[in-house]
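Participant: Assemble the complex: chain A is given as a structure, and chain B must be docked to it using the hints.
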Amino acid sequence: MADQNTSSSKPNFYSEVLTSFTESQAPVKGQKDFIPDNSEEQKQKLEQALNEHWSLVSEERVERLGSLAKGVWIPEEQIVELQTPAGKFWQTMGFSANGKQYLLPEEALFLMECGNVQVFYKGLPFSIQDGYESFLSSKSITFQQYLVYGHLKRLGMWCFGLIPGNFEPSAYSRQLNLPVSRDRDKRGNKRKRSPTPPSSSNSQDQTTVLPMEEDPEGQSGCQVIRRSEVKQGSWWKPEENSGSSSAQDKPEEVYMSPKDRQREDEANRRWNDINRDPEVRRCRSWSEYRALLARRASEVRGHPGHLWDREVTPLHDPRQPIPHEELMDKISIIKSINLLEGASSLKPLDNWRISFSVFQPDSASSFKKSSPGRPTRGWWCAVLTTLSRI
Amino acid sequence: MSEEGAGLREGTGLEQGAELVWSVQELRAVRQSGLVGALGGGVSAVEEESGEGEESGERGEESGERGEELEPKEEESEETQQRRRWEEFLGRSLEQQQRLALEDRKCALTSSLSGPALASSLSSLSSFSLPVSSMSVQISTCREGLALRPISSQQTSPKPIGERLQCRGRSQVFRDLRRRGFYLTSGGKFGVDFLVYPGDALRFHAHFMALCVSLDESLSLEDILCWVRLSSNVKKTLLLCSSTPPGGALSVSSSAPAGGVVYSSLQWSNMS
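If you read the sequences in order, they're chains A and B. Under full-length UniProt numbering, think of the first position of the first sequence as 1, with each following residue one higher. Under full-length UniProt numbering, think of the first position of the second sequence as 1, with each following residue one higher.
Derived by calculation from the structure, the hints in this document are not laboratory data. Honestly, I wouldn't trust all of these hints.
[Stated by the list, open to error] Interface residues of chain A toward chain B, partial, derived using beta-carbon atoms under 7 angstroms:
1) Asp33
2) Pro36
3) Ser58
4) Glu60
5) Arg61
6) Leu65
7) Glu113
8) Lys122
9) Gly123
10) Ile128
11) Leu147
12) Val148
Here a beta-carbon is modelled for each residue, glycine too, at the ideal position from N, C-alpha and C.
Next up, chain A with everything else stripped away, as it sits in the complex (with noise of 0.2 angstroms):
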């Protein structure tokens, strides 16, 4: 009917406007036809099209009993509750909660398009059509927000929303395998204790002196620095639960025997001929030698004037011992974000708000449900919040 008036009322419209691409490109080969000509043949392929499509679409969703696992519709958390074990879909959907497994009205909503699932409602199943209308509202997840979900869904696609408390290492902190100081219960992070330095002191403690802390400049001051920072535990690793607190605050005292105290001082007497320094050689008079003694003895106080004296100073005491990570934050200029942490906190942008996280599907990896950690490319799925042109 529609196609016999435009053909009719208006021969010349589709030839004003359509002749430049039916002369200059080749004609549209394929399934499909160009301009309607009323031809029988036209609609004959028109009505077995449209057959196809009606058949295909009242298809009936039926599955055994026995496969469907049963979920009852909770509308006023918004959440589905299986009742009978879950099946396949486990793996990639769904939440326990109190020793029971449940659903977000999404993934139901899927699974029981898919016929995986069917959903009750005081006593009664819910259809496709129920579903949507229940499951889908502005307190869950809007409507094309789950179109957009099924169709990665189909696609084959681990789609998780947005989990506040999933926190993931950044990649510098990972890069120093710093351990994930937030995720305490699952992680269970074994970090190595370093063994406290016992109190009483005995003559292994002296052995475990490193050779750079003999160095010819040295002084008894920097050599008891330098051990106690090595004391303090693995440089990569914070110590958390170190138990030797008194250690990190004052530089560890060796005991030596006086005998033993007279024969390093000789040793460092040979050593450490004053005369034998090229920067005492340098000084030409005693007020530059007097600065030189005043510029190392702030060095060996670790608080150099040139750095500390001035308007700009450092960052960081290097004498404050200080967790690592929080001396990464401190000296970082540009601070790191926990993209999955600080999206959720984002304000939308221009109506833009991230939805989903989407994972590639990839049984080879430790991919848990509870923790999925980052997408395997950063992939996040932002839709629109406001309705679009559709």
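Facilitator: The following block gives chain B in isolation, referenced to the frame of chain A:
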């Protein structure tokens, strides 16, 4: 009667700006009146199919046992009645399936065996019963006789949705193009408002990409270039559509009809 709402019951299913059609009969009626829409959601039991768009029409055909009309009664007894009906239906369905399964097995045995073996197998069949877990159940797409009242009722507004969302005379353009006999579908794939087909979308390619702009709206050249280049790549003509206010004075051109729609088509040509 406007074609947009032709023949549809009120409250068919309004999901945030998209009208959903659920039953195949309604879908056919809508298609007859020239509205194509788009399938949404998934096809049954085929997880890899992807859907798109606003309207979905799927319905399972049943043997008619569930197509019962509900009479309005008190809410409490309605629910218990429905539950009773559902349980009765399940019981009937189980009996029917059991009967069919039994016959099926008899046929299979008869065709494969013969003589005393057949007799003994047939006699053992008498104790056959279909376990409940093997029963087939349908997850119906369309809400039918077991309808419960929707949890949240949507209020229908007299103004068409397209008009409410996009105040650029979109519904007027739609009506005009439909009047001229074109089939229209969503232009979301190309970032435009509509795709204009000369006939049913199943059989023909779209000729135009319709973009609704208001007459006094200024378009930047970059935007126009984007659209026109895109349209030439997909072998369609860009159509800028502007609805004119009814009865108002026009400053653009005297030939434009008041209360009608002005069309401008753009094509891209190489000058080499």
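Participant: Each hint should be assessed against the structure and marked as holding or not.
Facilitator: For each hint, the structure was consulted:
{"no.": "1", "hint": "Asp33", "in the structure": "6 angstroms, holds"}
{"no.": "2", "hint": "Pro36", "in the structure": "4 angstroms, holds"}
{"no.": "3", "hint": "Ser58", "in the structure": "5 angstroms, holds"}
{"no.": "4", "hint": "Glu60", "in the structure": "3 angstroms, holds"}
{"no.": "5", "hint": "Arg61", "in the structure": "4 angstroms, holds"}
{"no.": "6", "hint": "Leu65", "in the structure": "5 angstroms, holds"}
{"no.": "7", "hint": "Glu113", "in the structure": "4 angstroms, holds"}
{"no.": "8", "hint": "Lys122", "in the structure": "6 angstroms, holds"}
{"no.": "9", "hint": "Gly123", "in the structure": "5 angstroms, holds"}
{"no.": "10", "hint": "Ile128", "in the structure": "4 angstroms, holds"}
{"no.": "11", "hint": "Leu147", "in the structure": "6 angstroms, holds"}
{"no.": "12", "hint": "Val148", "in the structure": "10 angstroms, violated"}
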